[in-house]
Amino acid sequence: MNARSLARMASVLLLTLAVATPVLGQATELGRQTLGRPYWHFFAAYAIVVVMLAGWIVSIGRRLKVVERRLPELDG
Amino acid sequence: MASAVALLGASLLMVLLWMVFFWVPTEAVQGVIQRIFYVHVPAAWVSFMAFGIVALCGVMYLWLKDDRFDRLAVSAAEGGMVFTTIVLLTGPLWGKIAWGTYWTWEPRLTLTLLLWFIYLGYFMVRNATENPERGKRFAAVVGIVGALDIPLIHVSVLWFRSLHPQPVVLNAEGPALDADMGITIGMGVLAFTVFFFGVMMLRYQLECARARAELLEAR
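Listed in order, the protein sequences are those of chains B and A.
So that you can map any letter, position 49 of the first sequence is 49 in the numbering used here, and since no number is skipped, the others follow by simple counting.
So that you can map any letter, position 80 of the second sequence is 1080 in the numbering used here, and since no number is skipped, the others follow by simple counting.
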């Protein structure tokens, strides 16, 4: 990557920031909402669901295995 | 059989996740955070159904003294606790964005938390007595009394001045939401219900195995 292409990339970045910054400043509450935090809450909610449901199944499986291991001993 | 039903439920949950993440349109006012609704509402439905089963089995146990009803009740109660916990954790995540706070002591939230504590008490009462039969009887009574909270939770947004949204699916004028959103919430209810029944049957097998082990130990 030479100095010329680096300068070109930097100028594109500066131009994007120059256009985007005032636009973001004018954003409504609803527009700003899509910029991060709601996504974090949304993914956290779905992660909780997956962890709770998977945890429930794993917990039942473990407890069932313990009892099933004991049953032949008690039978014998 | 139980594993097959649980597996079917898990597959339906995968379809639900695909619909929520890639298919259903984004709600115009609330944005992406509204998508929590597709797990929050089905989880609430399943928890009410689970505690309804606990109450019904409690009545049958007290009436017929058949241990199978107690085993079914405790299996449903555990599922009810799991799904109520999901409701109590996903709701505040939505509330933080929509209301600006994770928690407020408004009627529906308070009554749902009360429901969680009542059924926590159900498990505590079961194990609090030296005589297991007595513990089962006490738990059956707690299960029946606790279920009285369910209709209260449903009508709390209508009877009291509540911050919680009004019902959008089960209301007098019929469902008030977009068709695609209605299909997604329907899929959520179906997936959660099938999954609950599958895992509840597995939990019932665990109770049966425990009962058999206790019988062999007593011999």
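There may be inaccurate statements among the hints.
To give an idea of the interface, some chain A residues facing chain B are shown, with a C-beta separation under 8 Å as derived from the structure [unchecked claim]:
id, residue
1, PRO1025
2, THR1090
3, LEU1093
4, VAL1199
5, MET1201
6, ARG1203
So these bits of chain A aren't anywhere near chain B, every CB distance computed over 12 Å [as the list claims (entries may be wrong)]:
id, residue
7, GLY1031
8, GLY1052
9, VAL1059
10, MET1060
11, VAL1082
12, THR1110
13, ARG1137
14, PHE1138
15, PRO1167
16, PRO1175
17, ASP1178
18, ALA1179
19, PHE1192
20, ARG1210
Keep in mind that the hints were calculated from the coordinates and are not lab data.
Since the structure is predicted, the reported quantities are computational estimates derived from the model, not experimental observations.
For each residue, glycine too, the CB sits at the ideal point set by N, CA and C.
Here is what the structure says about each hint:
no.	hint	in the structure
1	PRO1025	violated, 14 Å
2	THR1090	holds, 4 Å
3	LEU1093	holds, 4 Å
4	VAL1199	holds, 6 Å
5	MET1201	violated, 10 Å
6	ARG1203	holds, 5 Å
7	GLY1031	violated, 5 Å
8	GLY1052	holds, 19 Å
9	VAL1059	holds, 25 Å
10	MET1060	holds, 23 Å
11	VAL1082	violated, 5 Å
12	THR1110	holds, 21 Å
13	ARG1137	holds, 24 Å
14	PHE1138	holds, 23 Å
15	PRO1167	holds, 20 Å
16	PRO1175	holds, 22 Å
17	ASP1178	holds, 18 Å
18	ALA1179	holds, 22 Å
19	PHE1192	violated, 9 Å
20	ARG1210	violated, 6 Å
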